[in-house]
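Model the full structure from these sequences, guided by the hints.
If you're matching them up, the sequences are chains A and B in order.
First residue of the first sequence? That's 11 in the working numbering, and the numbers climb one at a time after it.
First residue of the second sequence? That's 10 in the working numbering, and the numbers climb one at a time after it.
There could be a bad hint or two in this list.
[Said to hold, decoys possible] Cβ pair distances, simulated, as ranges:
| id | chain 1 | residue 1 | chain 2 | residue 2 | range |
| --- | --- | --- | --- | --- | --- |
| 1 | B | LYS90 | A | THR64 | 52 to 60 Å |
| 2 | A | ILE30 | B | ASP151 | 25 to 33 Å |
| 3 | B | LEU36 | A | ILE80 | 22 to 30 Å |
| 4 | B | VAL163 | A | SER12 | 39 to 47 Å |
| 5 | B | PRO123 | A | SER99 | 47 to 55 Å |
| 6 | A | SER12 | B | LYS90 | 49 to 57 Å |
| 7 | A | ARG97 | B | VAL163 | 38 to 46 Å |
| 8 | A | ILE91 | B | GLY71 | 18 to 26 Å |
| 9 | A | GLY100 | B | GLY71 | 12 to 20 Å |
[To be verified] Taking lysine to any residue pairs in the SDA-like style, the calculated list, with each CA pair at most 20 Å apart, reads:
| id | chain 1 | residue 1 | chain 2 | residue 2 |
| --- | --- | --- | --- | --- |
| 10 | B | LYS97 | A | VAL82 |
| 11 | B | LYS37 | A | LEU103 |
| 12 | B | LYS97 | A | ASN38 |
| 13 | B | LYS37 | B | ILE78 |
| 14 | B | LYS37 | A | SER12 |
[Unchecked claim] Cβ-to-Cβ under 8 Å is the rule here; a few derived chain A residues that face chain B:
| id | residue |
| --- | --- |
| 15 | ILE23 |
| 16 | ILE46 |
| 17 | GLU47 |
| 18 | VAL79 |
| 19 | ILE80 |
Bear in mind the hints are in silico, worked out from the structure with no lab data behind them.
Ideal Cβ positions, reconstructed from N, Cα and C, are used throughout, including at glycine.
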Amino acid sequence: MSLLFALFLIGVILLFAIGIYSLLVTTNLIRVLVSIEVLTKGVTLMLIAVGYATGQMAQAEAYVITIIVIEVILLAIATGIVLGLYRESGDILTHDIPTPKE
Amino acid sequence: MNLTILVILLIGLVASAVVCVALSDLLKAAIALAITSAILSIIMFLMGAPLAAVFELSVCAGMITVVFISACSMSRIYTRKEHEQRQKARNRRFLLLPALLVALAVVVFLVLSPHITGVSPIPSGGSGSGVQAALWGSRQVDLIGQIILILTGVYGVIVFFKEKEADGK
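Rendered as structure tokens:
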């Protein structure tokens, strides 16, 4: 393992830690989306690091482009759902989401 | 190219991600997320992935920021006093995070250090033709999936905006 790959790995682990910590402590649904975005940045960085380590950067780049497309669609749909919830309940907190039984 | 630049960029990436999740103001958080994406795209460019870097910069730093800012503009606006209270509460919740991250980085580095064999050179130049071959040659299924996803996303956005217009009426 090279020093550069190790540094990338540390960066990925830290980004994951930030995303998971934020997911655990936040109650705002838009903030949940921001945390998911941070987690996705970690995945993207990991793909670039693995592409560098294996010498297959072109393949990694193709995967990164796919992930970016998935990320955008996820965010667009999730933001729409959050705004729909906001219109229904007047707030965007996780504990205000109605359960199916309600 | 210097390894130091890459290390500084990685530290900047992690720092902007921390700022992004710790800020109480959603607008500032969206801008911090855009900065995170911009730094990530610079790292991608330096690592020899220019096409992915352009996608990251235009889509993640541009479009996603616009989506977040529009979502913020449609949600509740807090008064200055409420905002200060929320920021204080948020600061308390995120007080531990920097210390936790530093400890985690040290532990991971200590675990990985026996396996580090040397410093590999940072690649120079892009892989434009390689990406084309990878995307169009071996990842056609991914492309079809991406097209379906984009159409789904467009349909979803149309549905949500239609509901909003109906509510407005």
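Taking the hints in turn, this is what the structure says about them:
About 54 Å separates the C-beta atoms of LYS90 (chain B) and THR64 (chain A), a value consistent with the hinted range of 52 to 60 Å. For ILE30 (chain A) paired with ASP151 (chain B), a C-beta distance near 27 Å keeps the hint of 25 to 33 Å intact. Between LEU36 (chain B) and ILE80 (chain A) the Cβ separation comes to about 25 Å, which falls inside the hinted range of 22 to 30 Å. For the pair VAL163 (chain B) and SER12 (chain A), the supplied restraint of 39 to 47 Å holds, since their beta-carbon distance comes to about 42 Å.
At about 53 Å, the beta-carbon gap between PRO123 (chain B) and SER99 (chain A) stays in the expected band of 47 to 55 Å. About 52 Å separates the C-beta atoms of SER12 (chain A) and LYS90 (chain B), a value consistent with the hinted range of 49 to 57 Å. A hinted range of 38 to 46 Å for the beta carbons of ARG97 (chain A) and VAL163 (chain B) is inconsistent with their spacing of about 21 Å. For ILE91 (chain A) and GLY71 (chain B), the hinted distance range of 18 to 26 Å is satisfied, since their beta carbons lie about 22 Å from each other.
The supplied range of 12 to 20 Å is broken by GLY100 (chain A) and GLY71 (chain B), whose beta-carbon atoms lie about 30 Å from each other. The hinted pair formed by LYS97 (chain B) and VAL82 (chain A) fails the criterion: a straight-line CA distance of about 31 Å is larger than 20 Å. Between LYS37 (chain B) and LEU103 (chain A) the CA atoms are separated by roughly 19 Å; this keeps the pair inside 20 Å, and the hint holds. Our distance criterion of 20 Å between C-alpha atoms is met by LYS97 (chain B) and ASN38 (chain A), whose separation comes to about 16 Å.
The suggested pairing of LYS37 (chain B) with ILE78 (chain B) holds, with an alpha-carbon distance near 9 Å, which does not exceed 20 Å. Between LYS37 (chain B) and SER12 (chain A) the alpha-carbon distance is near 36 Å, which puts this suggested pair outside the 20 Å criterion. Annotation: ILE23 (chain A) was flagged as interfacial toward chain B, and the flag holds, the nearest CB pair being 5 Å apart, inside 8 Å. Against a cut-off of 8 Å between C-beta atoms, the interface hint on ILE46 (chain A) is violated, since the closest Cβ of chain B lies about 11 Å away.
For GLU47 (chain A), the suggested interface contact is upheld, since its CB lies about 6 Å from the closest CB of chain B, less than 8 Å. Checking VAL79 (chain A) against chain B by beta carbon gives a least distance of about 5 Å; that is within 8 Å, so the hint holds. Because the closest C-beta pair between ILE80 (chain A) and chain B is about 6 Å apart, less than 8 Å, the hint holds.
Going through the hint list in order, the structure does not satisfy hints 7, 9, 10, 14 and 16.
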